[in-house]
Amino acid sequence: MHKEAGADGDSLPAASSDGSMIRFDSVVKRFGDHVVLDHLDFTVAPGERVTLIGPSGSGKTTILRLLMTLEKIDDGVVWVKGEPLSHERKGTRLVPASERYLRTMRRSIGMVFQQFNLFPNMNVMENLTEAPVHVLGRSKAEARDRARELLAMVGLSDKETAHPTQLSGGQQQRVAIARALAMDPEILLLDEVTSALDPELVADVLDVLRRIAETTDITMLIVTHEMHFARDVSDRVLMFDRGRIVEEGPPERIFTSPREERTRKFLDAVLAGE
Amino acid sequence: MTVDWSWQRAADALPVLLEGFRITLLATVLGFVVAAVLGLVVAVARRSLPKVLATALSAVVQFIRLTPLVVQLLFVYYLLPQFSALQIGIAVLGIHYSTYMAEVYRAGIDAVPKGQWEACRALSLSPMRTWRAVILPQAVRRVVPALGNYAVSLFKDTPFLFTISVVEMVTAAQQFGARNFQYLEPLTLAGLIFLIASYPTSLLVRRLERRLAY
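Just so you know, the protein sequences line up as chains A and B, in that order. Per our numbering: the first sequence = residues 47 to 320. Per our numbering: the second sequence = residues -13 to 200.
The set of hints was computed from the structure by calculation and includes no laboratory data. Take the hints with a grain of salt, since some may be wrong.
What the hints assert, rightly or not - Using 27 Å as the maximum straight-line C-alpha spacing, the simulated DSSO-like pairs for lysine-lysine come out as follows:
1. B/Lys100 to B/Lys37
2. B/Lys100 to A/Lys118
3. A/Lys118 to A/Lys136
4. A/Lys205 to A/Lys186
5. B/Lys100 to A/Lys205
6. A/Lys118 to B/Lys142
Said to hold, decoys possible - Facing chain B, from chain A, some residues (calculated, C-beta under 8 Å):
7. Tyr147
8. Gly156
9. Met157
10. Pro166
11. Val181
12. Ser185
13. Asp287
Every residue, glycine too, gets a C-beta built ideally from N, C-alpha and C.
Extracted from the complex, chain B is given alone in its bound form:
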């Protein structure tokens, strides 16, 4: 790899990268949706389930958090060959990040004042209504910024999908480089595209943070 930049090569690489970026974006968005929903389910379950089950759930969550994403990707990829690599990638990214998000939601739930729970009880609201109408709207509102930060983090972890041969942007960049023996342009562009996509997202998160304050 020599350091002599060619605009022509950069222009050639761009369409390939953008095609890869489509996959990156797809994995990010769907992975985030899985993580956000599953994380919420885990957080609520931990507070609602009988103690034995809640402890078991916490153990599973710990296990997922304390093992590397790449190992999980490879493990599930070889375990379930009937699914496509992209499907597996999205599911594993989602499940992996749901364990972090569950913690975030938990902090949000814990921050809802005790008086809110008591008011729900005093009004005889069912547990379902208590969560849906009162606790979660307040809890989620508090943690949207933290969730946004995990979205950016998940986005930056999508290149790990190369381990299960999903051609996302960085893999596309590498393949382009290998074909032309020139890695400088494609990898630089891939990095720039990540930056260009992450920066507005983090700005958006900060704006949301201000707007959602009560």
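If we strip away everything but chain A, and leave its shape as in the complex, we get:
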């Protein structure tokens, strides 16, 4: 179950407003007996692009899912822009966040999924305008204008009225990226967004993401096996193993001269497969 923050449960952890965009404070996540995240601490600065690498099952995707509040944490606190995400303030205490609180907090966060998860019952334009109209309260015209801008950016201006099933995987994923951006998130979570794509479709999606990285100041958390892409767009790389960060640093250093044996082995294995 969802426990209250900290071991004693009633004191507000310090340093909630250190200027960070994302902050994990001793976060624990378990699935049954399996500890996925083991007292994890890390921070991400506003506008920073951080790539999480590591073997599967090392907890990378779980971090994104915790941030998107698709999973609940078992212990610790997640902060977004100095506000608790996993919890809400009640006087000086932190209590587990209510659904209502989560809905407000989620608005600054967008996520792109491995399996796209576009709504098959809506066309592309409807996919892009549903949340801006019904969550942000924008007018339909305003939402459509913004959607057209985004579709132009992802190179799919001619697909407004297409349905997701009529698009290739790469096109679907670009629509999904546009859909996430239509909410003007401050944080964009990219969960293995090219893993479900045929190899020849990967480049288009990565180009779009590179452009977003160049032209916006959105904070990005990226889980990927595309090491060249990670190297190009990230400011920092975190190497995970068994729910802990084993090494972190700028991409050039991590990829060229990893200090940890585990990082070296992981990179050898991934690069051998490329």
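Given chain A, put chain B in place with the hints provided.
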């Protein structure tokens, strides 16, 4: 009842039967609407309500499913004399079938991939929008054929309304037979009319099934 068919008697019976069929059709259509709407409400409520209430709701649903339609008709008919027999018939048929339809909807809802729910959460959609704009359109689409089959089934259960003296088609046929001591023609015709009405419906259901596939 002798087996000697008279076309004249058949012709005499037909208008009476068609008058009864009007009631049959009315009960079917309105009963189906009640069942389709209520079934949907039950299916959504089971997933949205707190556990205690959801369990209580499931118990009521089970109770209705495990008792005979005829008993329910008679029970409500005598319990609520202020309503007409037809009103009661439509309500009870609708409620009875809503319990089956709730199961059908549930299967449809369960078949919507988990990623759809997650995308809704990631976009901060309210529970209302999540159901209305994303989950139900996909769920209902999947189960339209199954709902259609229950519509045919409900249609064939309308003769039970005779127990609360609603003169639907089969009751009309029986009354005609009793007046003339000849049951062959009216009952045969009633059966044929059921068949003629059911068959196109089932064809329609099958066509819908193909058209609605993504």
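- [ ] Could you tell me which of the hints above the structure violates, numbers in ascending order?
- [x] 6, 7, 12 and 13
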